[in-house]
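K.L.:
Following the hints, position chain B against chain A.
Taken in sequence, the protein lines are chains A and B.
Sequential numbering of the first sequence, starting at 4, is according to our numbering.
Sequential numbering of the second sequence, starting at 4, is according to our numbering.
Hints listed in this document are in silico derivations from the structure and should not be mistaken for laboratory results.
It is possible that part of the hints are untrue.
Remember, identical chains collapse to one label, so a pair may be satisfied in a single copy or spanning two.
[Claimed, not checked] The calculated lysine-lysine pairs, modelled on BS3-like cross-linking and capped at a C-alpha distance of 27 Å, are:
#	residue 1	residue 2
1	12	88
2	88	56
3	114	101
Values in this document were obtained by computation on a predicted structure and should not be read as measured data.
Number of protein chains: 2
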Amino acid sequence: MTTKEVADKLVKLCSQGKFHEATEALYSTDIVSMEAGAPPGGSREAKGIAAVKAKGEWWSANHEVHSVAVEGPLVAGSHFAVVFKLDVTFKPQSKRFKMEEVAVYKVVDGKIVYEEFFYSM
Amino acid sequence: MTTKEVADKLVKLCSQGKFHEATEALYSTDIVSMEAGAPPGGSREAKGIAAVKAKGEWWSANHEVHSVAVEGPLVAGSHFAVVFKLDVTFKPQSKRFKMEEVAVYKVVDGKIVYEEFFYSM
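Next up, chain A with everything else stripped away, as it sits in the complex (with noise of 0.2 Å):
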C-alpha cells in the first residue's frame, strides 16, 4: 500500500472507532509510538507491537467512547498527518472531556512503523 492508501484506511478505521483493526491492519511489528507527554513513573515511547497493543487495550478499557471524528489525511511522501476529536468518558474516574489531537504517521513498505500525537496536557 501506498502512503495514501495506508492513511485513508486509518481514517476509515479508527472513524468507526476501530482502533484495534487499525493496528492489527496497518501497523509494522516494529512500531514505535510517542506520546506528548510520559504517564506518571512512564515513558513517552512504547516500542514494538506488544508495547503498542497493550497501551491501547489499556486505553479502551479505561475509556468509553461517545463520538470519534478524523479530520485528514494530508500526506507527503512517507508520511501523514490526520487530527483526533473525541469525545471521552475516562472511566476510573467517570470524567468526560473532549480530547482534539495531530497525529502524525511514517510509512515504510506499506506499513506504519512511527506515530506521534501533539496535544496540550
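P.N.:
Frame of chain A; chain B shown alone:
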C-alpha cells in the same frame, strides 16, 4: 489569534512564498524548531527567533523556489498540521528536486512556539 487563525495565516503567507513574513508575523521569540534530522555537525533543534531566522535565511539564500503548495491546515486545540510540497533547486549544486514534508505547529497566546518537520532523508 486562535490556533485556526494562526494556521490560516501561515498557509496563506507560505503559499505565496512569504516564509520570512510568516516568521515575522506569527513566531514567538521563544520558538523551538525541530528538523527530522541534524545537518552534518549540527543539531536537529534551533532555539529562539534569531536561530530560526538564521536557518530560514540560509535556506532562502541557497534554494531557488520554482513552486510551493501548502495543504491543510488540520487544527486540533493548540496544535495544527500542514503539508508542504516544494519544487526547488539547491543552488550550490544546481540540483533541482521535489520535497514533501508534514509540519506540526504549537500555538500559545496567538504565536507559534514550536514547529517540527517530518520527512524521509
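K.L.:
What label fits residue 88 with residue 56 when the C-alpha limit is 27 Å: within, between, both, or neither?
P.N.:
Classified as within; 21 Å inside a copy, 33 Å across copies.
K.L.:
Taking 27 Å as the upper bound on the Cα-Cα distance, should residue 12 and residue 88 be classified as within, between, both, or neither?
P.N.:
Intra 17 Å, inter 23 Å, cutoff 27 Å: intra and inter.
K.L.:
Please work out whether the CA atoms of residue 114 and residue 101 approach to 27 Å or closer within one copy, between two copies, in both situations, or in neither?
P.N.:
Answer is between: at 23 Å across copies they meet the 27 Å cutoff, but 29 Å inside does not.
The structure meets every hint from the earlier list without exception.
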